[in-house]
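So in this note's numbering the end of the sequence shown lands on 353, straight run, no missing numbers.
In short, the hints are calculated from the structure, not lab data.
No residue lacks a Cβ here, since even glycine has one placed at the ideal position from N, Cα and C.
With a straight-line cut-off of 16 Å between C-alpha atoms, the simulated EDC-like cross-links for lysine to aspartate or glutamate are: (1) K263 to E62; (2) K208 to E221; (3) K189 to E202; (4) K208 to D156; (5) K191 to E220; (6) K263 to D86; (7) K191 to D257; (8) K191 to E221; (9) K260 to E62; (10) K287 to E173; (11) K350 to E10; (12) K189 to D215; (13) K189 to E220; (14) K191 to D215.
Now the in silico label distances, taken between C-beta atoms and shown as ranges: (15) E344 to N299: 51 to 57 Å; (16) N315 to R6: 14 to 20 Å; (17) D282 to E196: 44 to 50 Å; (18) A133 to R318: 15 to 21 Å; (19) T207 to D284: 52 to 58 Å; (20) R106 to P212: 46 to 52 Å.
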Amino acid sequence: MSEIRYPVERLENFIHAVLAAHDVLDDHARICAVRMIEADLHGMHGHGIFRLPPYCRRIREGGYNLRPDIRAERETHVSALVDGDNGFGQVVVTFAAELAIQKARESGLAWIGIHHGNHAGAAGVYAALPLAHDMIGMYMAVANANHMPPWGGVDMLLSTNPIAYAIPAGEEPPFVLDMATTETSYGKVKVYAQEGRPMPEGWMMTKDGKPLTDASRAEEGFLLPIGGHKGYGLNMMIGALAGVLNGAAFGSDVIDFNKDFKTPTNTGQVFFAMRPDIFRDLDEFKTEMDLRIREIRNSAPMEGGGPIRIPGENLARRKEQMRRDGVPVAAPVVVQLRGLAEELDLEDKLAD
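The task is simple: from the sequences and hints, build the whole structure.
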């Protein structure tokens, strides 16, 4: 599938211009632009600028509150429940992350729940925010469409429910784990469908138990959990902590934002930040993280296998490469974005 590469700043400015033309607040448009392109820089292209056209449709159909009163409720020194007031997910989760970092700076750690939020994109983008403050970050969410049944069932009651952790190191790149609790995210399924590529066997299954590899027929099947019943249990745990605990949608209450662009989703998320120095000296912690990362990376690979990789170690290289050579945008997405630019009469229409 062909693609066009654009400079990071140009894509951020483009997203900002599109959202501003839809009457999104200037600072909210800028946060969305930065977070969406960060998703692309993380290699999570199903959560980057790819999402702009459906976000715009949701704006037009009244699915977002463009003037939200995002605020903390039920607040303690180490916790809060954030009411996103149906604002953009990127803005709401950024608010929660900044609040968690502020509280962790003062109290050592903080757990922030979110309700009345929206889809916020790549989980790892948010988990990594505390790294700049030498903190550990964690993010979990109830995803915005149910594409998986309970283990052994066929009723679509569960979603991809992602979880991400970011742990600082010293000289080594930080450990950054970003994963869905399904074999893949549904965003990646949509990317494969758009590009006409067959999915690997094991991502999806039809309701009669046969492998499904045609992404354009995704509606005929369901996603499979990672690790079988273990992934199903982890998925439900995230639903309890990010959904039920926060008074947010979970199970049959989840709105399919791929089909319903008007109903508020009441998306639930969790953000956690912690200073390592509440357990041990920060420099000692980072030094030992370096030691363990190197020990694992340099351990013996299987015959014909290797190299052994550490989650997140290629992130810095990937970001540097895209900042130098441009962010790849698939040709079908470029067509949609240029259509938006024409419709809104933007100055930059993303010509080559």
